[in-house]
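Visitor: Protein chains in written order, with our numbering: chain A, 1 to 291; chain B, 1 to 280; chain C, 1 to 392.
The hints are simulated quantities; they were obtained by calculation from the structure and are not laboratory data. Warning: the hint list may mix true and false statements.
[Said to hold, decoys possible] Think about it this way: if two alpha-carbon atoms lie no more than 27 angstroms apart in a straight line, the pair counts; the simulated DSS-like pairs of lysine-lysine are:
1. C:K101 x C:K116
2. C:K101 x B:K172
3. C:K257 x B:K172
4. C:K130 x C:K101
5. B:K172 x C:K20
6. C:K130 x B:K172
7. C:K116 x C:K130
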Amino acid sequence: MTGRAGAEHRLAWLLCAPAVLAMLVVTAYPIGYSLWLSLFRYDLRFPGERRFIGLDNYLSVLGAPAWWEALFNTLLITVCSVAVELVLGFLFALLMHRALLGRRVIRTSLLVPYGIITVVAAMSWRFAFDPTIGFVNALTGLEGAWLADRWSAFFVIFNTEIWKTTPFMALLLLAGLTQVPGDLLRAARVDGANAWQRFFHVTLPLLRPVIMVALLFRTLDAFRIFDTVFVQTRGAQGTETVSILGYNTLITRLNLGLGSAVSVLIFLCVLAIAVLYIRGFGIDLSSRARS
Amino acid sequence: MVSGANGGQRERLFRGLGSVLVVLYALFPVAWIVSLSLKRSADLDDRRFVPQVFSMEHYQSVFNDPQFSAALWNSVGIAGIATVAAVLLGMFAAYAIVRLEFPGRRLILVAALAIAMFPPVSIIGPLFNMWRTLGLYDTWPGLILPYMTFTLPLAIWTLSAFFREIPWDLDKAARVDGATPLQAFVHVILPLAVPGVFTAAILVFMFAWNDFLFVISLTSTNNARTVPAAIAFFTGSSQFQQPTGSIAAASVVVTVPVILVVLLFQRRIVAGLTAGAVKG
Amino acid sequence: MAEIELRSVTRRFPGVTAVKAADFTIHDGEFFILVGPSGCGKSTLLNMIVGLDDVSEGEIRVDGEVVNDLDPRERNMAMVFQSYAIYPHMTVRENLAFPLKLARLSAGVIRERVEKAAAILELTDLLERKPRALSGGQRQRVAMGRAIVREPRVFLLDEPLSNLDARLRVQMRTEIARLQQRLGTTTIYVTHDQTEALTLGDRIAVLRRGEVLQVGTPRELYERPGNLFVAGFIGSPAMNFLPARRVQDGLQLPVGKLALPHDRYRLPQDEAAALVAGFRPEHLQLLAVDAEDGEGFVFEVQAEVVEWLGAELYLYFDVTLEGFAAMPLPEELGSESADSARQLHVARVDPASGVQQGDRVRLRLDPENLQLFDAHSGANLGLQAHAQPGRG
Chain A
1 MTGRAGAEHR LAWLLCAPAV LAMLVVTAYP IGYSLWLSLF RYDLRFPGER
51 RFIGLDNYLS VLGAPAWWEA LFNTLLITVC SVAVELVLGF LFALLMHRAL
101 LGRRVIRTSL LVPYGIITVV AAMSWRFAFD PTIGFVNALT GLEGAWLADR
151 WSAFFVIFNT EIWKTTPFMA LLLLAGLTQV PGDLLRAARV DGANAWQRFF
201 HVTLPLLRPV IMVALLFRTL DAFRIFDTVF VQTRGAQGTE TVSILGYNTL
251 ITRLNLGLGS AVSVLIFLCV LAIAVLYIRG FGIDLSSRAR S
Chain B
1 MVSGANGGQR ERLFRGLGSV LVVLYALFPV AWIVSLSLKR SADLDDRRFV
51 PQVFSMEHYQ SVFNDPQFSA ALWNSVGIAG IATVAAVLLG MFAAYAIVRL
101 EFPGRRLILV AALAIAMFPP VSIIGPLFNM WRTLGLYDTW PGLILPYMTF
151 TLPLAIWTLS AFFREIPWDL DKAARVDGAT PLQAFVHVIL PLAVPGVFTA
201 AILVFMFAWN DFLFVISLTS TNNARTVPAA IAFFTGSSQF QQPTGSIAAA
251 SVVVTVPVIL VVLLFQRRIV AGLTAGAVKG
Chain C
1 MAEIELRSVT RRFPGVTAVK AADFTIHDGE FFILVGPSGC GKSTLLNMIV
51 GLDDVSEGEI RVDGEVVNDL DPRERNMAMV FQSYAIYPHM TVRENLAFPL
101 KLARLSAGVI RERVEKAAAI LELTDLLERK PRALSGGQRQ RVAMGRAIVR
151 EPRVFLLDEP LSNLDARLRV QMRTEIARLQ QRLGTTTIYV THDQTEALTL
201 GDRIAVLRRG EVLQVGTPRE LYERPGNLFV AGFIGSPAMN FLPARRVQDG
251 LQLPVGKLAL PHDRYRLPQD EAAALVAGFR PEHLQLLAVD AEDGEGFVFE
301 VQAEVVEWLG AELYLYFDVT LEGFAAMPLP EELGSESADS ARQLHVARVD
351 PASGVQQGDR VRLRLDPENL QLFDAHSGAN LGLQAHAQPG RG
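When you get a sec, could you build the whole thing from the sequences and use the hints?
Guide: Right, dumping it as structure tokens:
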């Protein structure tokens, strides 16, 4: 290694060090700390009673129906919203792709749901579905309180989430669409393929990498859902998600031991999803890491 | 893509209709909350979409509310500082990653990706405890630090993608022309990097502006409570009435800047969002 | 003005040696060409001379001074990049002025030099434009302008014409030649195009896979190539190669037999050694139907393809290699056909001859123009051949 290369390495590490440090201190250390805390019985309301109990917290959590219900709820929301977002996002993307005029207007409009504060969006839709002040009941002629019942509450949450995050999916897909070489589609047309066939046999395969990355990030985001559920139901009526459960245990009930166990379990779930996507669907993230 | 021989008139009608639907879809809830904010208190439960009578009373009450102004100030300050910090650190790291050869380059990018996928809920517990011990609970730095951490991946990926677009021959040309590495950076690279930095800043700011979980976990008073928390826990003027109008008005107040930013910089934002995901 | 000496300059990367012990001298004021196929190390060598790349071993001396450890900015050399690398956010004037500003020259001197360079390169009307408003040829001139304002002691050009269309390329080629004549600065020019090398260079270094195979004037490389690769690389259309073997009274080629004057070649000890015979298309003469064979080596072929270009006529003929082993030709020269038993060769003949496709014709070659190579080492066996690769 010549002198110049050595100096280059040093400069590089110097430039990266602050960022790496910032990223590690607030993630690596706390997650380690979380792991540690999860092995203790530690309730901040009774700090004196703190003691080591090994994996007992995990057994408690895994034996609690609340955890499994929360997990189910979370997975339900994740799967459903990502599925709908994909389809809807594609529709929007195709629309934007073909629209010559008004593309700017559409793009700007779609960025509003993306940019709006989640809490605000949740409030807006909560008010919309409110039986007293909302217009949904007025329009549909229905009477009930949507957020008072589990499945209708899910619908509201669902609706809000999809509204907010479809634009992001649509924009990613649009970017991918614009990269499909026009020549390939023209060649397919000459070869006799109709619009459907061109979409399925040329466009979709070429979009696969983009779709997989979009799905990965959206799935992880959906799994971590918190703001919307908190604002709309606080997790009541059986709509608690794992993040809400974690928050309630840690911050509301100040049970650091149990809460940390929940945290670690959530972390493992997220890890599992990521691994599933990367290994299972073969997303090549390292090629993105290469220059 | 030219429509040419397929569909013509009918297809254009379809697309026009589709475009209108998309715009409606996107702006619908915004229109709704604006409408709510402009209704008189008494009319709030009339369940109409458009207000019968317009009233600015909610805006007045919101602006007179010290809690809200404090939250606004906290939001702007904390998000602003976190953005500056994240973009600065991210810029250095992105420059090194794109421009220099060193072991661990890929590792950093992968690590950044890993952090982007991280569930924040998993660390609010430890952070809560740590911050209490360190005296950072309910303070600005107490929020700025986690914001920085969680936006750094976004900043690094976006900036890397933009920096990769800069032709590095220019840097070599500048060095041959007689520039020191610093001069080359300042006179040639920096002017070309500014658009990317700006875009990254917008994306990072949006992220910090939007956060809710960290705020409600790591703060408790007006010292550091930001707008999302303020809106979620609005108590309003009356104890008995749900402060719908105030919430609506507050929401509109914080959404207007978002709409402005999106309007002005939509091209950049889209470019930044897709840069990491697609061009990678 | 500068003399540049390379002594055993080597560049190693993990796993590959990009430049192997390059050893030659570039004289003051010379227009020196580095030519070779892609991947041969010519750009790496250029980068080492300007200081953008490190030297693993060996010395680079400019006017006697070792410059290995000097930064580019300390070497007083100017470079024109293949991509031009002109600063997109600066106007043409600012681009030209940039190096002078860095050198802290006074505003007056800067203005004077910028305008002089602009005048030479006909950029005066474009001074206030930004690069995105310029055509490819104009950008290229801006890149050159930025180099000449500095009045450096060496110009380095890295394939400056490869991004231009064919017509512009020819035009710019003569411009560059004239510019260098006028300024008299030592110039090192990298290209993969042997035409550019022959037309522009005072002297040429041919590189292949990191090795400098031969250094010489265009004429030397053309008439006395030191080895198979140089012979096949220089000259267009490329030299024809045929396998050959020694027989009792001379040399046996697939197309016929000819006598071998013994004092013209240094033949290998092993009589059965594989040899390669080479002759240029332009050295083949077309014999009229009724003409006699006459002196020289005559053989008969069938015209497979005839290309008439007005001032030239190219005649392509097949040669069947029955009874001869296939030749190991350097892959960068491109193999003519997938079928190794037959090879397509070319002759350049009189355009007025009226040859048609399918005609059987006789071609004559003056044995003076026959090159003979060792099939394994590629070395030119001719005694007059430039047997000193890499020196100069």
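Visitor: Each hint should be assessed against the structure and marked as holding or not.
Guide: Against the structure, the hints:
| no. | hint | result |
| --- | --- | --- |
| 1 | C:K101 x C:K116 | holds (16 angstroms) |
| 2 | C:K101 x B:K172 | holds (17 angstroms) |
| 3 | C:K257 x B:K172 | violated (57 angstroms) |
| 4 | C:K130 x C:K101 | holds (18 angstroms) |
| 5 | B:K172 x C:K20 | holds (24 angstroms) |
| 6 | C:K130 x B:K172 | holds (20 angstroms) |
| 7 | C:K116 x C:K130 | holds (19 angstroms) |
Consistency with the previously given hints fails for number 3 only.
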